[in-house]
Every structure is written in structure tokens, then in C-alpha cells.
Amino acid sequence: MHYEPVLLANIHKQQSHTRAIYEAGGGYRGLRRVLKEMSPKDMVGLIKASGLRGRGGAGFPTGLKWSFLPENLPGPVYFCVNADESEPGTFVNRVQMELDPHQVLEGIILSCYATRASTAYVYLRYEYYLCRERMQAAIDECYAAGYLGKNILGSEFSLDVFIHRGAGAYVCGEETGLIESLEGRRAWPRIKPPFPAVEGLFRRPTVVNNVETLACVKHIIDRGVPWFRSMGTPPEPNNPRDPGSFGPKLYGLSGHVNHPGFYEGPLGISVRQLVEEFGGGVWKGRRAKAVVPGGLSTGLMSESEFDTPLDFSAPMRVGCLGLGTACVVVFDETYPMLDFLYNSCRFFAHESCGQCTPCREGTHWAVQMLERIKRGRGRLVDLDLLLEIGDSIGIIPGSTICGLADGAAWPIKNAIRKFRGEFEEHIRRTNPQGYMQTEPVEAVASLGAV
Amino acid sequence: MLPKSPTLFTMPTILIDNREIEIPSGRRINGIEAAKLAGVDIPYYCWHPGLSVVGSCRMCLVEVGTRDPKTGKISMQPKLTPACNTWVGENMVLVTNSEKVARARAMVEEGLLLRHPIDCPICDKAGECVLQDYHFHYGQKDRRADVAPFTSRRRDLGDVTLFVDRCVLCSRCVRFTAEISGTKELMFTGRGAHEEIDVVAGFPLNNKLSGNVVDLCPVGALGDKDFLYRQRVWYLRRHPGICTGCATGCSIWIEENQDRIYRIKPRENPFVNKWWICNDGRYDYPQVHNPRRFSQPQRRDGGRLVEIDWGSLLAELREQLRTAGRLAAIISPFLSVEEAYLLCAFIRGLDAEARLVVGPVPVVGEDERFPKGFTISAEKCPNRRGVEAIVAHFAHEVASFDQLLQELDGGTVHGLWVSGGYKTDWIDEAAAKRFERLTLLIVQDLFPSPLAERATYVLPAAAYAERDGSYVNRGDRLQSARWAIRPPLGVRTEGSLLWELSGRRGLYNSQAVLEEIAREILYFSAIVGPMPVPETGIDLKGNLLA
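Protein sequences, first through last, are from chains A and B.
The numbers in our numbering rise by one with no breaks, and the one at position 223 of the first sequence is 216.
Our numbering runs 1033 ahead of the 1-based position in the second sequence.
If you are wondering where the hints come from, they were derived from the structure by calculation, not from laboratory data.
Everything numeric in this text was worked out from a predicted model, so none of it was measured.
Glycine included, C-beta positions come from ideal geometry on N, C-alpha and C.
Be careful, since some hints might not be right.
Unchecked claim - Quick list of simulated restraints, FRET-style, between CB atoms:
| # | chain 1 | residue 1 | chain 2 | residue 2 | range |
| --- | --- | --- | --- | --- | --- |
| 1 | B | I1107 | A | S297 | 38 to 44 Å |
| 2 | A | P329 | B | R1061 | 49 to 55 Å |
| 3 | B | I1107 | A | P69 | 38 to 44 Å |
| 4 | B | D1292 | A | V434 | 49 to 55 Å |
| 5 | B | I1151 | A | R310 | 40 to 46 Å |
| 6 | A | P69 | B | Q1110 | 31 to 37 Å |
| 7 | A | K29 | B | G1223 | 50 to 56 Å |
| 8 | A | D332 | B | W1267 | 20 to 26 Å |
As the list claims (entries may be wrong) - With a cut-off of at most 25 Å between alpha-carbon atoms, the simulated DSS-like pairs for lysine-lysine come out as follows:
| # | chain 1 | residue 1 | chain 2 | residue 2 |
| --- | --- | --- | --- | --- |
| 9 | B | K1258 | B | K1241 |
| 10 | A | K185 | B | K1112 |
| 11 | A | K185 | B | K1133 |
Claimed, not checked - Beyond 10 Å from chain A on every Cβ pair, some chain B residues (computed):
| # | residue |
| --- | --- |
| 12 | G1098 |
| 13 | N1118 |
| 14 | G1225 |
| 15 | P1404 |
| 16 | R1519 |
| 17 | R1537 |
Okay, chain B solo, but in the shape it has when bound (with noise of 0.2 Å):
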């Protein structure tokens, strides 16, 4: 804590339910965030801090007032107002918990459910449902309102299903693709309890951040297409992960129920992708679970790979790459920091003159920047910057890839490690060509390539989410995660593996790798020890200034 001192640290003093909060300087908060701050939780539906403010669905309303400094007497306004569109200021007073606010609130929730279908039972946002929520919590016990025949009507927005009469109307996906996505498809057609949300015939809802908008809604009106029907919400479990789609390294939810992932969702982090999250990343999650991927170890027997089991395949792995002369790796930039230091410690100490190769960077089209900042990379991979250091580290200069296909024309190099996870094909029929004339090919990988196909052995790779470590996005920021979901039988992860080839003790503990990079490189000296990083990450920038 900063000492307090009158002139610069003067920290707004609020009242929220008779409890003193200080409220942080530098940035204006609102009724909600600040009762937040106090541990009050204020219902809202229409507010997100993402977005603009429109103080329409009114479900939190609050009294206010001021205390005057001097006699301590409080003065509250008569009317109600929306939190979401007071920015407290010192002195003000909230009051959240009386008989007027409850009351406004049970008539907003019963307004809300006058003609709302509740089909719970066949809706996918059951469990996670805000308007259910607040029902139970704020809600009027009994309905007052007259029955009306049940109705249940679907729209085809595009990328999402809108179910028509379970909507709430506030507003939040329509102002996000007028704010964040910029496309502006969604609007309201309709007036007052006609009022119904659309998109303009021929024009669907359809850009790269649509998915949000799912997210977005408080209730099960908007339906994500992939999702809807799969899995019942309460059946999931979410760890917290991040995209190894591009280069942002969007901080996400994967969701997952034994060990089969049902959908990924954005995890807020202020610092990468706020609250938002791309269709790339969020619809990518298929590739862990694609049948082709590598299952078994495979070793070439004559003419072909064949499956072999783990069994000593370490021992002879370790063995063959003693012996095989001059040695190369190519570290992937789809490895976490620790996988890819471990890989090079472990080359190089069987040879100390390794070549080392960060593997080829995908890159497709530019950078797609949206109108508040969201960005999706053209670099469509999760560690470059990581990777690169890590070889820096340990090489001092650094070949490219290029330079390593020519070693290998000249025969200068006789063992390879080539670490792949490459999500698309990376290598072609020509480029694989060229590793032929190597004694000792091992390939780990997630899908059958040409230059699998040429491999002595080929490992089977781990998926993003199936693995812990941690990723340098392109602003330098570090973020780790842990394994959210186990690999399939028969695939060891990289972390795991080069752990015990390393000769290493028990598990695989990439917290202790990462302390051990923190020491010995110095472009990574911000992350402070055994403290877990935290989860919006670390900013590795400050320490190159310094």
C-alpha cells in the first residue's frame, strides 16, 4: 500500500450499505463496480464495462445520496437511479439492500418474465442463466400475471440462433457489433413489447468476433450454434487456459467435461483481449479431439513406421541421439517457454555444438485490428517472442530455418529433433524431401506430415490444452496456464518427456523450470521466483527498459 498523504494518494471515501469503501483513484467507476469493490453484489442486466452505458434494463436501481464531510448527516434523492450510470465521487452514499430497491427490482424481474417462454428445461443457458438468477434471488415469489399460451420462435441471425422469445432486450449484442466488432448487423425492429432483435435480410450476423455475443447474453436468446444442444451447462468444468490461435494470446475458459472439450469461452484479462475473444480461437478446439491425431510412438522398422510402446523408448531415444553425430533441433514457436528451454538444455547437453532452429513462424494475411483495439494476429502461432529468447539464450546467434534446410543439403548435421504442434500443414513434399539424408529423424507431432513420413521416429504431440506451460504474446507478456484436459492414451507430453529424458526427478513441474529461466535469462527476470505468474500474466517489457 502507498502511504496516504492528503495532496496525492486521496482515495474517494464511499458509503455502500452503511460500509465505508475507499474507492482507487485513476479510473471513474461506476455504482456497480464499486459495490463490487464492498462485496455487494448489484444485478444488472444491460450494463457490461466493455460496453457503452444505455441505464435501460433498470434492474439496478439503487438509492443515492451524499453525507455531508463536516456533521456526517446523510442525504439521500428521492428517486431511484441506475448504478450502472452513477460514478461515485467522494462522499456519495449507496444504499443496495432497502425495501425500496428490493421492490423495484422483484417488479423489473416480473416485467421481464411476463412473456418470457421459461422453457429452462430446453434451454441451453439454464444453470448459467442470469434472468434465472436473479429470479431466485430478487425475483416475485408467485406470478401475478395472466397466463399466455407458450411460444418458442427461433431466428437465423447468421453465426448465431436467436431464440426470439426468451429475450430480454438489453441491448448488449446489438451495441457490441455497433462498438466492438464495428459491423453493426444486429438491431431492433419493433417498438415496445414488439420489440425484437434482427438483422436486415441478406445481411447476417457474421464477422470474426461473433461468437461474443453469446457471451454477451444474460439469457439463452442468442444460441451459439456449435454449442447449442451439446452439453449441458452444469456438466462442465473450465480451467483457465489461453489461445494458442495467434500471437494476442486471448486469455480463455476451457470448458470441458471428461476430457472432452465442449466449447472455449473469453477470460477476462485487461490487459490482452478484455473481455472479448476471436471465432478463430473459440471454434478451434475441434483440432484436440481430430481422430488423426498421433495416438502411439511410431519407429521406422525397415521400410515403414510402426506403433511401439513407451516402454524404454526414452532410454534408446537418449541413446541414438548420443551417438548420432552433429545434432540440430528445431524448436517449435507452438511450444510453451518451458517446454522449448527444456528442449534446448536437453540437445545441448548431448551436444554442445546443437544447432538450433526456431521452427517456421505461420503467417497468413495481416493483422486484423477491430474498432476498440481487439486485434487477431496475422502470426498465427502462440510463442515466437518465448521461443526465440529461449534459443537466444542458449545459441547466441539465431539460424532460421532456411539456413538449417541448407545445413542439411551439405550434411552437416546428422540428428534432428524437430518439434512440430503445428495446427495446419507446415511442411511440404519438397521441404521434407531435403531431411532425408539424416541418420536420426525425430519428429514430434500432432498430425501425419510429409516429413513424419520420413521420420525414424515420430512422437505423438500434446494438444495447447492439454499441456502446462507458458506463452509470450506479441506485446511481451507472459502468461502460464495448466493442463486442462488429459492427452489422449498413448500421447506423453512434451513437458513430461523432455522432463525425464532430462534426467530430471519426479513430475514435471513447469513452475520450477520457469523459476530456473527466470534466473538464467534476463529477458525473462520480471517473473518474481516461486510466485505462481499471475492470471492476466506478467509484462516481460518493463525489465528490458530497466
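If we strip away everything but chain A, and leave its shape as in the complex, we get (with noise of 0.2 Å):
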């Protein structure tokens, strides 16, 4: 398949990094272009009909949640944006910010203009060091060329951008957990309505996107909606709510393949292909029994599912969450699933936010049971009761807050689902006196921080 990278094309020049050569690349020219052209308003119609969807994980139309803004209100509006890339598996935003951190700034920018804001906050995950050390030099570049700060290349248009280092935790990537965090509060994400579009970072109308679709917005001021259109899996005709999966992608890849890395495709290549072709198939000549395909958060899919296409619609047909991040973690065929989802739970369970108590106690209880049956003190209706803590948990269901819930259920389902036999297996090879109990048990002391 022959793709010319978008998001990636400048990644391989020596001082990528620069605005020297982000602009030798035609960098900025899309910002003068609209500065001189185009109405804020204009601009959020075009990126509503570039049908582009956020790359954050949910897949949110950019443009209409641009437009959920309240018009003509006095004061500020605020942009975030999320930085804080901590999805298990994920790492795309990490070499976008580190190798061009220039394209992000001009897609904040673009963004900000058409959303009426004039302060940005980059909430970066703190492990991100270079990041922080590649933005804020860009940050600085911007103001020096006059891009950023009071009236920006002579327009009206006013933009200031701090960089905001997290504190390592999982939660402050959820967009109320994240404003929480920049208030200097707990990330405890707040309950909607109302949504952080009415009042959002400091009680003001607030806009949060991903560093990739910020990336996405400047390539199609650049190179238009039809080219961004050309992209991807059109919209399902039978559902009426499907607006289109559209556009470049990156992908991540790592797990058991031979080239791990990141990729750039359009939206929609399978599973499949994507480790086939870009990662050169699953390492030491194996099978691959499973993937996780977008972030722990959205789930398993086994082998037999390869072929679905990485769009926004079509994981969840196999019952994954969601695209997720398209960050794909490969398993090949001698990994214990119970090994999975113990460290799935654990992961889910350590960054709980702890407000919600079915997310705080169900996923808590979850590798309660885990650790038991890794001790060899499974029982068999200990996987019926993981299901139904891995069902009753999330917004989908309606019992928490936040979708970080979501994403710690439905490794849960997936996996005692679709592997159930090998869970059952191990639970009867490891406590054949026990595994058909039913009474509860004592409890077996932790394995570990969690």
C-alpha cells in the first residue's frame, strides 16, 4: 500500500524540531492564509466539514464541539490542550510534540483562532520531558516571529500558550479531570452537565482537544477538506449516527511484532495489515492470539477479528470500546490472558480516581479476585462475577462519571468473553479442590502495590 505520510513528513529531517525548517516545509503559511482570509465562524464550518473526529479516543466531531461554544459571551474561553498521553500502549503524541512540535503549535493556534480563545493550556503528561523542552522552545520561537503573543501576524487575534506539566496521573487525560488538575485541584472529573463547552477551566466555556487532531486541523487549512475526505471508511449507510471515519492516522505499534513503531496510515487499514505490513508480523515466526487496538482502555480483539478495519465504528462490531488511540499491543499466541488482565486491572485499579465508588470498589475487587486466582484460588463462578463488575461499571451503563471506567471494563468483558476457556482452564488445573465453590473465601494478601 503506498501512503505519503502528512502528520510524519517532516519527522526525518535533521532539527525537525526547529521553525527554520518546519517553515522551509511550508509551515505557518496556512496560519497567514486564514489570519487574512477567514472568520473564526468559517473556519469551525470547514473543520465541520472535514467530518474530522477527535484522535483523542472518543472519536468526538471537532468541529461541532466547537460549536457547542455559547456565542457572544462576554469574558474569556479557554483551549486546552490534552497532553497528557498516559493510554497504556500509547505514545503517538510523545513523537509529534518531541520531533515536530511546531505542526501542534500552528494546529493550537488555527484553533484557538477559530474558537474565539486567547489563552492555550498544553496539558503534558510529566514523564514527557523533551516534549516540555521541544514546546517550550517552539513556544518561544512562536512569540520571537511574532505567531504567538498580541496581535498576532497584525491581526486582531491574540494568543498566549502555557505549558502545564501534569503529575502523573491517569485521570487528568479525562477533559474534566484535566481542567480539575489545571485549577490545581484533584483530577476528580466533575459531573456533566454541565459540559466543559458552558463551563469548562475556571467556570469558563472551554474547549479540550488532542495534540493529534490540533495536528489534524492544520493539514486541512493546508491542503483542504476534499483531500481530507479522500480518507478513511465513509459513513455506514445504515446508521444515521455514524458521521464517517476521515483522514491520516498514526498508529502505534508494540507488543510481540517484529518492527514495533509508529506508523501513519489513513483511517481504517486493518489490524491485520498493520502488523503484517507495518510491523513485519509477530515476532519469533508465532501466531498472534490477540491485540488490544487502540489503548488498554478499548479492549481485546482476538485473532480471528484481524480484519476489522481501525475506524471509529467498526471495533466496537467486535466488541471492542472504540478506536481508542489505534495504538495496537500485539500478544502472541503463548501469553496467558489471565496474565493480561491481572496487569490490566491492576493498572485500572492504581489509577482509579476513587470518587465513583462502582469504578473505586469494582475495579478494586476485580484484582482482589485476579490475585486469587493467580494464587491458584480461582473459582469458576469468580469469572461470572468479574463480568458482571466489568458490565455494571462506566458511562455506557450510566454508574460512574467518567469513561475511565469504561476502559477498565471492557478489557474485563473482552477478555473472560472471548477467552474464557483458557480462564477456566487455568482455574481448574490450579485449585481442582475449589474451583466449583461458591461461598466466599478468605481473602489472599496483596501481591504487590496496586
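With the hints as a guide, bring the two chains together.
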């Protein structure tokens, strides 16, 4: 398959993170043109027409999100960039900010112009040290060049961009958690409504967008809507609520493959294509057992489902949460699913903010059971309990405030529903005396910090 | 009821569990409050009408939908929604009794009990614990989770004790210190299942409203150090009362067992104290059981006071007062309006020119105002406004306490009735000396004082929890309460004593006196005849304007 990279076009150049190299490749031309020719309203219309959907995981249409901002409201509108890339297995935003920060920055400036925001905060993951250096250097270069600050390029538009470094909590990637954290409080996601577009940062209208989404905005301005819509999957004809999945996408690939890394392609390539063509196949000549299709939250895809295209709707048809971040983690045939599920549950129990009862207690309970199963004291009834936890937590059943509980639930549901035989076999083998027990048993001491 | 006109008084109609309910317009209410109007209980932990909505306990999950007003067709949302964050409007449909809702509640209840020590037998909250009640109503029948070893950790937070393992992390107490007291001592530490309530070392929970966090706690996590382990709650009876600690006049519950008060709790009153009371009022009750209190009438016999029986004392007092000469009375701002009225009427009945004076009004510092408006008054008595209105009715010009002292020095007053009831020392040796020229001094008070030492008669006073009566607070709101406990043997309440002295028949009836006051005095005319005063009181200001 031939594909000319757009989002990653600059990264192999020397000094790709500097303004000189970025401008030599045509950077900031779009910004100059937009400030002269387009109104913010035109821009929102353009992004709406492009069908761009948020790349952060949920795939909400970006133009629609921007249009929720109240019009003619006096006072500031805030723009937040979600660069708290913490989803396990995900690392594409990092590449963009380290190797092409100006591309992201141009996207930020354009998006702030469209949303009439005069202050943007880049909420950066704590561990991304180099990103912080490069992004800050890029911001400084932009101030010097007049792309940021008062009256950008002689227009009426002014913008300040600040980098805010997180403190290493997964929940800060949830947009209202991010907002709370920016305000200096515990990152407890807020109950909605009100939505951030109405009442967000400092109780003002706020937009939160992902890094990759903003990079796409820049390219839509440069290359136009028809180019953007020439890639991807058109809307499903029988589903009037599917806006389709268009545009380029960054794919991350890790786990048991020969060539792990990050790749760019159109939305909608299949898992098999990604693993075989980009990743050079499963390592050590083995077969794949399953993949995590887009960050741990999205659940599991078994080998038989590898022909599923990676777009915003297809993963749901095989029981996954969604596209997520499109960062695929591959497990080979020897990898025990119990270990996967235990690790996954441990992660979510550790990162649960502790606000909503079902998530706080459910994730903890799941870890407790899985630890016991790993210790050889599992019961078959545990699998049903795990499924019940999986089915009852999250915003899809409605039992939690934020979607991170869904992320905790999906690996449980997928792993047990798709690999139940393997779990049962393990339980019967390791606990031949007690596997049929249904009465409550003694808890095992924790294996490690959760 | 107001007439229903489509433009002026449209009341949104909503459907709760298939019952149509009209929602009073004017105030935004949520699903929990709306359901309450319909007589449907929605369980909740984190929500509280006086605090911000966080929607985190997820106990109040319900199904929400809308009804098409034309076709009557109902469409429900697929997700469960917390009722606390669902603001009701026209055509809303709430379902609280479906299988789906029941399952969600059972799941939350089971989750909360996973790590809970279930130590109800040694928990102060048992019997009034929401976690207990909800478990029986909505919980899973059997435990399905693993059985972990028992843990019970205590943490001293300052004014209260935290039983760490019992906490359900509803965050009410944290929000209270952030929003109502404004002191922000409490916080969360840890994350997920390791989350705990704590304070920063060196900055304990220490503010004048801190006792309220114990009331807010739906479980037994926050323990009141004063009440802890002193009484099982099912032995307590509670009586509506009015705090007499300051001129705010908070509505309270007086909780007693066999005439002994064990704790004071706030009683909801939207016009006065909302849901809160201050620690001064909450921990003020031991004065009622103070052993220093007078418990028997005393008469000066030679140089000293001797305890006597009530016997024929009343007739003796009446006779003494009748023959004393010029009379005066000090009307304490701790008296209820009924008692003040009876006392004024009694003294004026004996001497139509008698001096009537409002007793000293204790003022300590300045009013303390908290962020959402709760105020502790500097004026540390419950009824200055009430007794002033009564005295003004009888005396036309209200003489001050200092004026009375001067008249005492001049020797123009011969017999004086002093009503006290003060909780602290209210008169010093020097002032008391000026009462020495009186031929008759009757002191009715709670505690010994330099003045009582000089009295001809000392009558034991009854404490606030022992008396019927009404008080007018700083905002001109009159509130009534009945007695909660009986006074100690040998103590007659002011009301019954004055009732009998006035020659009235039968038992003291404060309601009858209040009706009389309402008929006679314009200030009290908002009180409607024989109707009992509502639990939240009556605003007397309205009639002042009219």
C-alpha cells in the first residue's frame, strides 16, 4: 500500500523541531492565510465539513464540539490541549511533540482562532520531559516570530500558550479531570452537565482537544476538505448517527511484533494489515493470539477478528470499546490472558480516581479476585462476578462520572468473553479442589502495590 | 392553592414511577427532591441539599426519559443517570423502581461494603446509619466478595475522630469545610481504594462549625468526641427545640434519655440555620445538668439563705410583693415571650407604676459570618427582641438596666423581682452591692451569683430544654418549642410558677398566653389565633411593615 505521510512528513529531517525547518516545509503558511481570509465561523464550518473526529479516543466530531461554545458571551474562552498521553500502549503524541512541535503549535493557534480563545494550556504528561523542552522552545520561537502574543501577524487575534506539566495521573487525561487539575485541585472528573463548552476551566467555556486532532486541523487548512475526506471510511449507510471516519491517522504498534514503532496511514486499515505490512509480522515466527486495538481501555481483539478495520466504528462491532488511540499492542500465542487481565485490572485500580463507588470498588474487587486466581485459589464463579463488574461500571451503563471506568471494564469483558476457556482451564488446573466453590473465601494478601 | 392559569402559574408536571407530580415552580429542584414530593425515596450518600452536587456515590441512579406532551409517548435514555444532578422540568419521566435501577443500587451497596469493617455492634452510628438502612432496603442479600481480616483504624482529626475503614468517601465533610465553614481543613489523600479523609499535619479540623461534619456523615466514620460511646442512639428520644446560645436562635433537636440530654443536633430550618448549628450551641447542653444549679427555693433566715419547700411559698411571695412598696422587675432576655408577658402582667397587677427593665444583654465580640451566610451572633441571648417588645407594651418607655441601678441607689424602689437564667456570670460584686437597700429581692436564676447571695428569696430557674415558650431571634422570627426534659426535682419552671402566681387556673398553657399576646401586642400580631406556631417559626416583620 502506498501512502505519503502527512503528519509525520517532517520527522526524519535534521533539526525537525525548529521553526526554520518547519517553515521551509511550508509551515505557518496556512496560519497567515487564515488570519487574512477566514473568519472564526468559517473555520468552524470548514472543520465541521471535513468530518474531523477527535483523535484522543472517543472520536467526537471536532467541529461540533467547537460549535457548542456559547456565542457572544463576554469574557474569556479557554483552550486546553490534552497532551497527557497516558493510555497504556500509546505514544504517538509524544513523537509529534518531540519531533514536530511546530506542527502541533500551528494547529493550536488555528484552533484557538476558530474558538476565539485567547489563552491555551498544553496539559503535558509529566514523564514527557523532552516534549516539554521542545514545545517550550517552539512556543518561544513563535513569540519571537509574532505567531503568538498580542495581535498575531498584525491581526486582531491575540493568543498566549502555556505548558502545564501534569503530575503523572491517568485520570488527568479525562477532559474535566484535566480541567480540575489545571485549576490546582485533585483531578476528579466533574459531573456533566454542565459540559466544558459551557462551564469548564475557571468556570468559563472551554474546549479540550487532543494533540493529534490539532495537527489534523493544520493539514485540513493547508490541503482542504476534499483531501481530508479522500481517506478513511465513509459513514455506514444504515447508521444515521455514524459521521464516518476520515483523514490520516497515526498508529502505534508494540508488543510481540518484529518492527514495533509508530506509523501513519489512512483511517480504516485493518489490524492484520498493520501487524503484517507495517509491523513485519508477529515475532519469533509465532502466531498472534490477540491485540489490544487502541490502548488498553478499548479491550481485546482476538486473532479471528484481525480483519476489522481500525476506524471509529468497526472495533465496536467486534465488542471493543472503540478505536481509542489506534495504538495496537500485539500478544503472541504463548501469552496467558490471565496475566494480561491481571495487569490491566491492576493498572485501572491504581489509576481509579476513587470518586465514584462502582469504579473505585469494582476495579479493586477485580484485582482482589484475579490475585486469588493467580495464586491458584480461583473459582469458576469468580469469572461471572468479574463479568458482572465489567458490565456494571462505566458511563455506558451510566454508573460512573467519567469514561475511564468503561476503560477498566472493557478488558475484563473482552478477555473473559473471548478467552473464557483459557481462564476456566487455568482455574480447574490450579484449584482442583475448590474450583466449584461458591461461598465467599478468604482474601489473599496483596501481591504488590496497586 | 392559587388558581391555575396557563401563563402565570404553570407548574411543570413530571412522571415519577408512573405517577403524575406537579412541581412547584420558583426553585430548581433535582430528581431526589422531586421524588420526595411524590413520596418516593431515592437513596443517596454524597448529595446534600446544602452542599454542591458531585454525583459520585452513584446510589441515586435512576432512569430518566421524556414524555411527548402531544402523543404521550415516553422515550427513555438508555443510561442510568444520577437523580441528584437531574434538574426536573416539564414532561420529564423518572423511573426509580425498575429492575435496572435496583441492580445498580445493589452493586453500589455491595461495593461500599467490600472493605467496610461491618463493626455495627461497636459503632456509634448503628441504628441511624444510612449504610445499614440502605443495605436492608437495597443491598445484596449475601456477601459475594472475599472475606478480609477485620481492620479498624482511628484517626484524630481535631474536633472529631475518624474511623478510617468505615468511610464511604461521600466527600460531604470535605465539601462542608470547603463551602460552608470555609476553613478547608479536611481533604482526601491517596487514590482509588486507598483514598482516605485526612487533615494536613499540624492543621487539625478546628472551627466553630466542625460538629456538623458528624451529622453530615452518612455512616459512622466521623465520631463526635463528646457523644462517642455514651449512648446507643435507639435509647434517645428527640424533641424539637430552639438553641438559646445566641440571638440567631437555631432550630435544634434535643436528644435525651430519661431526662438527661446526650446531644444536640441541628433541625432543618430554611429561614434560620438551614442544616447547621455551631459548636457553641451543640456542646452547650452540659449546663443543663450542671450540679451547681439551684435545685430548691431558698429564703433568707437571719443572715443566711435556707432551703425551703414550695409549700405555701407562692402565697407568701404574693403577700410580700403586695406590701413591699414600689416594685420593679428585671426581665431577662433569656425568658420566653410568654414568661416575660406573665411576669410583667403579674408585677404590674400588683403595682401599676412598677418599673420594668430588660436585663443586661450579654454581647461577646462581633457576629461571626461564614461563607454561605451562617452567622453566630455576638448577642449571647435568645430573646432580646421578644422581651423588649413585651416590656415596651407594658411600660411604654423602656428603662435601661443602668437606669434601674441609679434608682436603686436613690432608694425609690423597694421590691424587685429579678429573672436571670444566664449561662455565665452576669453580675459582679460591685453591681450586686447596689441592690442591698431593697426591702424585698426575689432572684430567680440558674446559678449562684453575688446577687443571689443578697436575695430575700432565691427561686431556682429552669433551663431552656425544660421550658415551653417562644423566642424572637435577631431576624424577628418567632419560634416556639415545648419542653424536652423535666426539670430537676424542686425546680418549678418560670411559666408554671408565674401562671399560678397570676391566679390562672389549671396547668401552664404557653399557647394560650401566646394567643393573648398576639391579640394585645401589634408586634406579635402575625401569630394566628389558636394555630400552633409552625416548626420553622413565624416572621414577625411582615406585620411591622403593614
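Consistency of the hints with the structure:
A beta carbon spacing of about 41 Å between I1107 of chain B and S297 of chain A agrees with the range 38 to 44 Å that was offered as a hint. At about 53 Å, the beta-carbon gap between P329 of chain A and R1061 of chain B stays in the expected band of 49 to 55 Å. At roughly 41 Å, the beta-carbon separation of I1107 of chain B and P69 of chain A lies within the given 38 to 44 Å, and the hint holds. In this structure the hint that D1292 of chain B and V434 of chain A lie 49 to 55 Å apart at CB holds, the actual value being about 51 Å.
Between I1151 of chain B and R310 of chain A the C-beta distance comes to about 44 Å, which sits within the given range of 40 to 46 Å. The hint said 31 to 37 Å for the Cβ distance between P69 of chain A and Q1110 of chain B, and at roughly 33 Å that hint holds. At about 53 Å, the beta-carbon gap between K29 of chain A and G1223 of chain B stays in the expected band of 50 to 56 Å. Look at D332 of chain A against W1267 of chain B: about 51 Å separates their beta carbons, and that is not inside 20 to 26 Å.
Among the hinted pairs, K1258 of chain B with K1241 of chain B is consistent with the structure: their alpha-carbon atoms are about 15 Å apart, no more than 25 Å. Taking the CA atoms of K185 of chain A and K1112 of chain B, the gap is near 13 Å; set against the 25 Å cutoff, the hint holds. The suggested pairing of K185 of chain A with K1133 of chain B holds, with an alpha-carbon distance near 21 Å, which does not exceed 25 Å. With a closest Cβ-Cβ approach of about 13 Å to chain A, G1098 of chain B is found to remain outside the 10 Å limit, as its non-interface label requires.
Chain A draws N1118 of chain B into its interface by the beta-carbon criterion, the shortest separation being 5 Å against a cut-off of 10 Å. In this structure G1225 of chain B is not separated from chain A by more than 10 Å, as the shortest Cβ-Cβ distance comes to only about 4 Å. Every beta carbon of chain A lies more than 10 Å from that of P1404 of chain B, the smallest distance being close to 17 Å; the non-interface claim holds. With 10 Å as the threshold on Cβ separation, the claim that R1519 of chain B sits away from chain A holds: the shortest Cβ distance comes to roughly 45 Å.
Residue placement check: R1537 of chain B keeps its beta carbon more than 10 Å from all beta carbons of chain A (closest about 60 Å).
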